[in-house]
Amino acid sequence: MKPSKHVFISGYGGYVPLYRVSDEDIARIWGVNPANTPIKEKAVVAPDEDVATMSVEAVKFALRRAEIDPRKIGAIFTGTESKPYAVKPTSTIIAEAIGTTPHILAVDMEFACRAGTTALQCIMGLVASGMIEYGVAVGADTSQGRPGDQLEYTTGCGAAAFIVGSDPYNSLAEIEASASYVTDTPDFWRREDEHYPRHAHRFTGAPAYFRHIVNASKLLFEETGLKPQDFKYAVFHQPNVKFPVRVAKRLGFTTEQIKPGLLSPIIGNAYAGSSPLGLVAVLDVAKPGDRIFLASFGSGAGSDAFSIKVTDGIERKRNLAPLLSKLIEKRKVIDYGLYVKFRKKLRLR
Amino acid sequence: MEKVYVIGVGMTKVGEHWEKSLRELFVEAGLKAMKDAGVERDDIEAVIVGNMSSGFMQGQEHLGPLMSTYLGLRGVAAAKVESACGSGGIAFHYAFLSIASGLYDCILVGGVEKMTDVATPDVLSALIMADDQEYVASTGITFAGLNALVYREYMKKYGVKQEDIALFSVHDHKYAKNNPYAQFPFEVTLEQVMSSPLVADPIRLLESSPISDGAAALILCNEKKARLLGKEILIEVAGSAVATDILSPYEREDLTTLFATRKAAEKAFKMAKVAPSDINVMEVHDAYSILGPMHLEDLGFAKKGEGIFLVKEGEIEKDGKIPTNMSGGLKARGHPVGATGIYQIAEIVLQLRGEAGENQVSNAEIGLAQSVGGVGSSVAVNILRRVR
Amino acid sequence: MVQSVPRVWREQKYKYRLIGTKCEKCGSIFYPPKKICLKCGSEKMEEVKLPEEGILENYTIIHYPTRDFTYNPPIVVGLIRLTNGVRILAQVVDIDPSEVKEGLQLRAVFRRLREQGEDGVIEYGLKFRPKEE
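Residue numbers (this note's numbering), protein chains in the order written: chain D, 86 to 434; chain A, 37 to 424; chain H, 2 to 134.
Rather than coming from a laboratory, the hints here were simulated on the basis of the structure.
Certain hints may be false.
[Stated by the list, open to error] Dumping the calculated PhoX-like pairs for lysine-lysine here, alpha-carbon to alpha-carbon at most 20 Å:
(1) H/Lys14 <-> D/Lys157
(2) A/Lys348 <-> A/Lys210
(3) D/Lys157 <-> H/Lys132
(4) D/Lys125 <-> D/Lys411
(5) D/Lys417 <-> H/Lys14
(6) H/Lys132 <-> A/Lys192
(7) D/Lys429 <-> D/Lys417
(8) D/Lys415 <-> H/Lys50
(9) A/Lys348 <-> A/Lys197
(10) A/Lys193 <-> H/Lys102
(11) D/Lys125 <-> D/Lys417
(12) A/Lys197 <-> H/Lys102
(13) D/Lys415 <-> H/Lys132
[As the list claims (entries may be wrong)] Example chain H residues on the side facing chain A (calculated, C-beta under 10 Å, incomplete):
(14) Arg8
(15) Cys41
(16) His64
(17) Thr71
(18) Leu80
(19) Lys128
(20) Arg130
From the three backbone atoms N, C-alpha and C, an ideal C-beta is built for every residue, glycine too.
Generate the whole structure from the sequences, applying the supplied hints.
Now the structure itself:
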């Protein structure tokens, strides 16, 4: 999918909360060999944080970099599967917090870990069509890890936001093209009244993660005529470390290309924020002219692939807000007990 | 203006009264006061009730007719007066005005609070309603926390040590020992105070007034009524004033002084035609130890930052220059918030009558009671004088 | 406390974006917003957005919180002097209570202030955390 008008990222922002719990500590509680855990530690929200609060942080950083009056924003789409309200939009809370109401399109979107990039595609369309001047796409989650389950070792928290516009003079990167591959594949789901999601174990691999990312990526290569070698960086959805490393290799990307955007070892899987945060980390270091490949994956299932080219504005705009690394390195490790309290997994009644 | 006299006092013991309800406490104090005054039901023309939180804690409003009903009175003018923890002192001011205006001959004014009806976090939720619900309570601060900000600022500005400020609690307990109505009639040491748990840094538990139940009541009347009743000793309300300040203390210029205390004191002293040096005995509203020295300063007994010297040099002892909190103060007599202001006046009246027992200040003729709502957001200063 | 949606909704703009009021006559700025100037009594007040950064001037650490805040004590509440000189009261987060001291540079962060029960509305607002370098 190529937009009929050029669309640019004018601002970006990422937020990761302060607290971390280590896989070693989780393993200790559940009697698992710590050597068999997938990542080092994952990010944990404080009790007063949620998807709305993290998103506001990320969007405010993006606004600083976009250097625009918030009232120029015509749409805010938030992709998440862990909204503070199951019914009542998060996007309106963000809109009110940054001062863009009431002339604003706002809606929350759900497609597991792909929702943030799908929001980005929608915003691209609205901007390219001239329906709005600037739009915000957010990918954020504080997904719940079922106690003792495999996924508890990686379910992290984080938010990333991108402000998209069509003014080349107010840009730090151009989104050249996007391609999606979507099927009805139930690899991971959460029923209406359930607190924790369920997954289909090994089925989440080949028929889900790999099939969709590989196909979306190939589609993108076909449409754009680009090859892995044309990209300086590649960011993949990162539910752990093994999957993104393996899919990168399969597609022909190198370890150097994926390293800067691979955050899962130290913050875990931020679900709808996962690959978007990887993109934020890359934008924090990329140079003008660098091409970035991005492929998200959301269970259910689908993958969105993007080709993004960094423009001259990046060097100056990047420093208008804290780099993601600054937030990631400011960390406080808590034990499993505090983690469970912070994530409100304790029964109080 | 008519002269106003306090002819009767009644108090319940301050403490945890599980078996007594809000109304039972008030009626107990009210009947005691009526008996002490020698008045009958038919003499009472109005009932004024000081209380902070009956709505939130008991789900009960309309305390005027509630209390008059349970006192067996029908038809009297009655209403609740609310001014947070200063409800007692401020209610007294409006009771005083009722008679001073010439419209009423004899009325009952009392204060009551029943804090143990709810659990501590809910009591704390009630107390922070003394400040701004939307912008202050929502920060997670408590009433103790607001006072803690004052405490920290005071120590910094005047270079005063916490150990010296905490002496005020030790002082309170020393005198509560001899007060039959006190919640904590026993001494504490400075060491105990300084090693008690932190409530709101830097304020410690033994520097904080407790959660209390209690009621106190007074019978007020004019000259005509006092003569009719043949009273030998008359305690006149020589001065009564109320002042307010910006609700939230941090929005004022200086956290370390309570402008409302200064203003109310100035008005009350002027009305009574006395100066601080004429005061023989005093009750100040020390909800937290830091307020002790601060009130001494703002009431005109010491320069700013020097209140603790009055404590350290023994000037607030029974035989000092300005005996203060002979009842045990808010810390040790206790602080059933809406009632405290009335307790203070009852205690001053007993001093002026010579009925204060072990804690009696010799030749007490003029007494002052200071009642405070919020962190000095409303202050009542009432000055009483023995005239016969 | 009894639940109330309108009460929380009314304050959103002022709490989410730190909007105070400025006296058009004498220039005094107030937060919480006032409709009448405390300094000169003028009723001509305009809404202004306050800066979201400041310095910690005073603080306390709450160990016994009110009902709304019993989940995660101790709570640090500070008096923060914003960069435009206005002083506000706000919770200070993402810092160990033992590291809190006057002079800390802080910036505002959007957080949950309270919730009206587990199934009621969530009240959001700004707290402050140490500023990133």
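Evaluated hints:
1. Distance restraint check for H/Lys14 and D/Lys157: the Cα-Cα separation of roughly 18 Å lies within the 20 Å cut-off, and the hinted pair is therefore satisfied.
2. The suggested pairing of A/Lys348 with A/Lys210 holds, with an alpha-carbon distance near 14 Å, which does not exceed 20 Å.
3. The hinted pair formed by D/Lys157 and H/Lys132 fails the criterion: a straight-line CA distance of about 27 Å is larger than 20 Å.
4. Simply put, D/Lys125 and D/Lys411 have alpha-carbon atoms about 18 Å apart, close enough for the 20 Å limit, and the pair holds.
5. With a CA separation close to 32 Å, the supplied pair D/Lys417 and H/Lys14 exceeds the 20 Å bound.
6. Between H/Lys132 and A/Lys192 the CA atoms are separated by roughly 25 Å; this puts the pair beyond 20 Å, and the hint is violated.
7. Between D/Lys429 and D/Lys417 the alpha-carbon distance is near 18 Å, which keeps this suggested pair within the 20 Å criterion.
8. Annotation: proposed proximity of D/Lys415 to H/Lys50 is violated, straight-line Cα distance about 29 Å (limit 20 Å).
9. For the given pair, A/Lys348 sits about 12 Å from A/Lys197 by alpha-carbon distance, which is consistent with the 20 Å threshold.
10. Annotation: proposed proximity of A/Lys193 to H/Lys102 holds, straight-line Cα distance about 16 Å (limit 20 Å).
11. For the given pair, D/Lys125 sits about 14 Å from D/Lys417 by alpha-carbon distance, which is consistent with the 20 Å threshold.
12. For a cut-off of 20 Å, the pair hint linking A/Lys197 to H/Lys102 stands: about 18 Å separates their Cα positions.
13. About 11 Å separates the Cα atoms of D/Lys415 and H/Lys132, which keeps this hinted pair within 20 Å; it holds.
14. Restraint check, H/Arg8 versus chain A: the minimum CB separation of about 8 Å is within 10 Å; hint holds.
15. Taking 10 Å as the C-beta cut-off, the interface hint given for H/Cys41 is violated, the closest approach to chain A being about 15 Å.
16. Hint status for H/His64 relative to chain A: holds, with the closest Cβ pair at about 5 Å, below 10 Å.
17. For H/Thr71, the shortest C-beta to C-beta distance to chain A is roughly 5 Å, which falls under 10 Å, so the interface hint holds.
18. For H/Leu80, the interface hint holds, the least distance from its beta-carbon to any beta-carbon of chain A being 5 Å, beneath 10 Å.
19. Evaluation of the H/Lys128 hint against chain A yields a held restraint, the C-beta minimum of about 8 Å falling below 10 Å.
20. Interface restraint check for H/Arg130: the shortest CB-CB distance to chain A comes to about 14 Å, outside 10 Å, so the restraint is violated.
The earlier numbered hints that this structure contradicts are 3, 5, 6, 8, 15, 20.
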